[in-house]
Amino acid sequence: MFELSLAQARDALRARKISARELTAAYVGAIEALNPEINAYITPTPELALQAADAADEALARGHAGPLTGIPLAIKDLFCTKGVRTTAGSKILSPFIPPYESTVTANLLRDGAVFLGKANLDEFAMGSSNLTSAYGPVTNPWTRHGDNRPLVPGGSSGGSAAAVAARMALGATATDTGGSIRQPAAFCGIVGIKPTYGRCSRWGVVAFASSLDQAGPVARTVEDAAILLGSMAGFDAKDSTSADIAVPDFAAACKRGVRGLRIGVPREYRMDGMAPEIEALWQQGLAWLRDAGATIVDVSLPHTKYGLATYYIVAPAEASSNLARYDGVRYGARSDGHDLTALYENTRADGFGAEVKRRIMIGTYVLSAGYYDAYYLKAQKVRALILKDFTDVFRDVDALVTPATPTAAFGQGDRMDDPITMYLNDVFTVPVNMAGLPGLALPAGLDATGLPLGLQVIGKPFDEETVFAVGAALERAAGFTALPTLRAGAAA
Amino acid sequence: MSYTLEGSTGTWEIVCGLEVHAQVISKSKLFSGASAEYGAEPNTQVSFVDAAMPGMLPVINRECVAQAVRTGLGLDAKINLWSRFDRKNYFYADLPQGYQISQFAHPIVGEGIVDVTLSDGSTKSIGVTRLHLEQDAGKSLHDQDPQRSFIDLNRSGVALMEIVSEPDIRSPEEAGAYLTKLRQILRYLGTCDGNMDEGSMRADVNVSVRKHGEAFRTRCEVKNVNSIRFVMLAVEAEAKRQIGVWEDGGEVVQETRLFDPTKNETRSMRSKEDAHDYRYFPDPDLLPLVLDADWVQSLKAHLPELPDAKTARFVSDYGLSAYDARILVMEQATADFFEAVAKGRDPKLAANWMMGDFFAALNRTGTTIETTPVSAAFLGELIDLITDKTINGRIAKEVFEAMVETGQAPAAIVAEKGLRQVTDTGAIDAAVDAVLAANTDKIAAYKAGQEKLFGFFVGQVMKAMAGKGNPALVNEALKQKLA
Amino acid sequence: MSLDPEAVRRIARLARLRVDDGQVAQIQGELNGILGWIDQLNEVDVEGVEPLTGGALMAMRLRDDVVTDGDQAEAVLANAPDRDGPFYTVPKVVE
Ligand SMILES: [Mg+2]
Ligand SMILES: [Zn+2]
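Protein chains in written order, with the numbering used here: chain A, 376 to 867; chain F, 1075 to 1557; chain H, 12 to 106.
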């Protein structure tokens, strides 16, 4: 059962070879068995999942199968789900039960998906390790050879990625503000795509940095990710930044191949301190594409190196404002105070964790009187230059291929002392958010300790089809079959 | 000539600018689909967007944008085809998002003008700096509970236009005239009902004082003044306070103040609160507001005739005095009423009737042009009855009072009460003869030179005829018989 | 640019985050670390560059003026930590 990909499970359900109830029950069992160790879910919802599976079986029996009927998924706990607690990984939202369903999850429900529960994440999606969650860290299902020390799954969609990697879900929703889909996908040996900004509705997704946030899927294969994105994406009049552009058949694009495509290799992504294995894997990936008929082109993105610093102005600034609504008045946790200001200050000091407070303070500072021009306005201008870099190279190439992360997954106790070291995780992913482009991460090999390493494919705006075509070609060539240590269906 | 205040050190001039918040007339809110109507049960007109629930997003209302553009056009202002929404960040109990979506750096409407007429008949142009769209906040109720304030978000997210004037105002009268004129224009445009009691229009009053020829001194902002009279009082009270401060050797500090109408004074507001730092930045949930020039042009083509144009037309087309025209144009409904009455009739007679008996009746009965039982058609008919001599002027007043009371048509009242003017010379002669026969002593006096007595005879004849005699014929008969 | 303890307190106050005296020095160190690192942007020449405000490069859509929402006071109030009938409540605000 756990060996089936999402596409295979879908076909088996339609052929009535398996029932939705069997499939969901298997995943519910996997969560019961593995969640105490992996902590991928904050709120599992097994009863609701089994009910939904029964409804899926009825639909299948009537021949009314949607694209995802009976497919069990994990939902990042940043998506508001009607009647099901939504925490954003924060204590401040611990009692919050949304009276509404996010557009993306509503789209998945429309297509018949079964929700297994709410997946763990860095608090308000701020982090690259899942260590900032108020509900405890997530453990990466992978371990190094001969070393059982727990590793981080990446973040912020670490719960989603770990759940998919450990076979605690067939796929999952995730969000990506600076790399939060692609980095955990790379750390967990799975596939994740951040689509073009505007492709998925942000309505009902707890906001971190509105001009950067995008929802996307994590899944086991490129095709699975394409199927999920096809369901999640689409125009939504409730989101002013949603693009009114038709959703193409992403899954079909996976079969296109890369013959005749021009693939750019940005030289600035060759960074000091990058693991030699990652450099080697990158070269290998380019060789595979050349063998498959693509032309490899050297390109330059000169402002890439300023992406991270720009991001750490723009994202905290927007977050400082987006998180002002968590004030203990209308929903969420409240800490009392003798007056209104004390109530606000206590509620927010008690309800937010250290990293969230740090970013709120940075964001407040860079927007404050006298500093706006030097920080925020400057960052917006650099952001324009980063976009221009991409726009220029995309006149010449169809897609870019880079490493997904500078390193493989690291230990839960590492890199905790200095926030900036942690921020460097996102160095390859952040520029893509700054420019609003689609980016896909997929596993392409292992490092010497047996941990997965990922490559990133970056595309033109609203050209996810080419991204999927390149990703699928790399996937076929890489033949990545390694499995994590912790996973459902593994021999006990 | 110009308005000044006398202090112990000499003469002071007032410098004043107004920031008016005008609620946009629209069915739904600026960024959500909840109703913008006034007066609903608490928290019933609240969408999840207005309550700032997690993940909720704003989507702008086309009509609110159109209303802002119409208003800009009505103020002869520049319409900015590219504008943008910014967030104004601050924490307050009735501000759910923790920020107000407003337009700071790039407003939808730029510089415009409001021409006002003052009581001495002079006119003055007050500059408008800008008009921008923004969200209203919710409402805090402080008197429901000893320990707590209650929050109602029905108003949260309702569209406001903030209209900022230049510091061109130099007296309380000018402040009042500006607000009155602005409100009149908004009402004509149908973009704001101008109802200050319900808070759909309120003003922040910026006041400073200076000696003649000086540059501007420090100003204070008197917040949320909610009637035109209070604005005028606040300007004067705040100016006098500042003169006092300067003349006592002190320094006026820039601050936000409140006007207390019962004491007729302003007082410092939240003085201990830290300086505001609103951290404006472009709202990343929204995109630039880009208007189509053709769309703006079509809104312009459909604008109603505005007060100044209407006044000019009333003067040229109806031959009214500028003063009368301004009074009739004060409200659109009055102007429309006048035009309905005046159509095909003597416009001056129509104007006199409206500004005389008609306005008096509205005042006396506490009714308005919309609620009075006297329709424009009936008032017109009444004038017709006078013109065609069916009734005389005195009887017309009586008929009018009956119209006010009963709402009946004037012809029906005339018929029912038998008020038709008597033009039968036989009946008039008989009445004249009877009056003269009963007053032989006065005939002698009249003939001896007391010509005033003629009026007495007219009165007696009219009385005898229950007021219905045709005054001209009565005069004629009397003159003949007394000759 | 770097922050002194007073600036740390001022920012915390603006952001409505209670900061105890004992935390100021640590926060100051962390924020100054981040701000110092961000200062690398000083190298970038942005002369004449138009700032990029948002993630989407389109003009704004306008919605029709119809009432489509509201009439759901219970759903709006259901998550309130404290309420009184149809109202949210906060400690008394003095103006
Ligand atoms: Mg103001
Ligand atoms: Zn305002």
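If you are wondering where the hints come from, they were derived from the structure by calculation, not from laboratory data.
Everything numeric in this text was worked out from a predicted model, so none of it was measured.
Using N, Cα and C, we set each Cβ at its ideal position, and we do this for glycine too.
Honestly, I wouldn't trust all of these hints.
Stated by the list, open to error - Partial list, computed: chain F residues near chain A (C-beta under 8 Å): (1) Gly1129; (2) Leu1131; (3) Val1133; (4) Arg1136; (5) Pro1170; (6) Gly1172; (7) Lys1198; (8) Gly1201; (9) Leu1360; (10) Pro1362; (11) Asp1366; (12) Ala1505; (13) Ala1508.
Stated by the list, open to error - Under the rule of at most 27 Å between Cα atoms (straight-line distance), these lysine-lysine pairs were calculated in the DSS-like manner: (14) Lys1213(F) <-> Lys103(H); (15) Lys1162(F) <-> Lys103(H); (16) Lys1471(F) <-> Lys1491(F); (17) Lys466(A) <-> Lys103(H); (18) Lys613(A) <-> Lys1213(F).
A quick look at each hint next to the structure:
1. For glycine 1129(F), the interface hint holds, the least distance from its beta-carbon to any beta-carbon of chain A being 4 Å, beneath 8 Å.
2. At its closest, the beta carbon of leucine 1131(F) sits 5 Å from a beta carbon of chain A; the interface hint therefore holds under the 8 Å criterion.
3. The criterion of a C-beta within 8 Å of any C-beta in chain A is met by valine 1133(F), whose closest approach is roughly 5 Å, and the hint holds.
4. Here the hint on arginine 1136(F) is broken, as its CB sits about 13 Å from the closest CB of chain A, past 8 Å.
5. Interface hint status for proline 1170(F): upheld, as the beta-carbon distance to the closest one in chain A is roughly 6 Å, under 8 Å.
6. Interface restraint check for glycine 1172(F): the shortest CB-CB distance to chain A comes to about 2 Å, inside 8 Å, so the restraint holds.
7. Given the 8 Å rule on beta carbons, the hint for lysine 1198(F) is violated: about 36 Å separates it from the nearest Cβ of chain A.
8. Because the beta carbon of glycine 1201(F) sits about 27 Å from the nearest beta carbon in chain A, more than 8 Å, this interface hint is broken.
9. For leucine 1360(F), the shortest C-beta to C-beta distance to chain A is roughly 5 Å, which falls under 8 Å, so the interface hint holds.
10. Here the hint on proline 1362(F) is broken, as its CB sits about 11 Å from the closest CB of chain A, past 8 Å.
11. The restraint placing aspartate 1366(F) at the interface with chain A is violated, with a minimum CB-CB distance near 17 Å, outside the 8 Å limit.
12. Look at alanine 1505(F): its Cβ only gets to about 81 Å from chain A, farther than 8 Å, so that hint breaks.
13. Checking alanine 1508(F) against chain A by beta carbon gives a least distance of about 86 Å; that is not within 8 Å, so the hint is violated.
14. Proposed proximity of lysine 1213(F) and lysine 103(H) is supported: the alpha carbons are some 13 Å apart, at most 27 Å.
15. For a cut-off of 27 Å, the pair hint linking lysine 1162(F) to lysine 103(H) stands: about 24 Å separates their Cα positions.
16. For the given pair, lysine 1471(F) sits about 14 Å from lysine 1491(F) by alpha-carbon distance, which is consistent with the 27 Å threshold.
17. Restraint check for lysine 466(A) and lysine 103(H): the C-alpha separation of about 26 Å stays at or below 27 Å, so the hint holds.
18. Using a Cα cut-off of 27 Å, the hinted pair lysine 613(A) and lysine 1213(F) holds, with the two alpha carbons roughly 26 Å apart.
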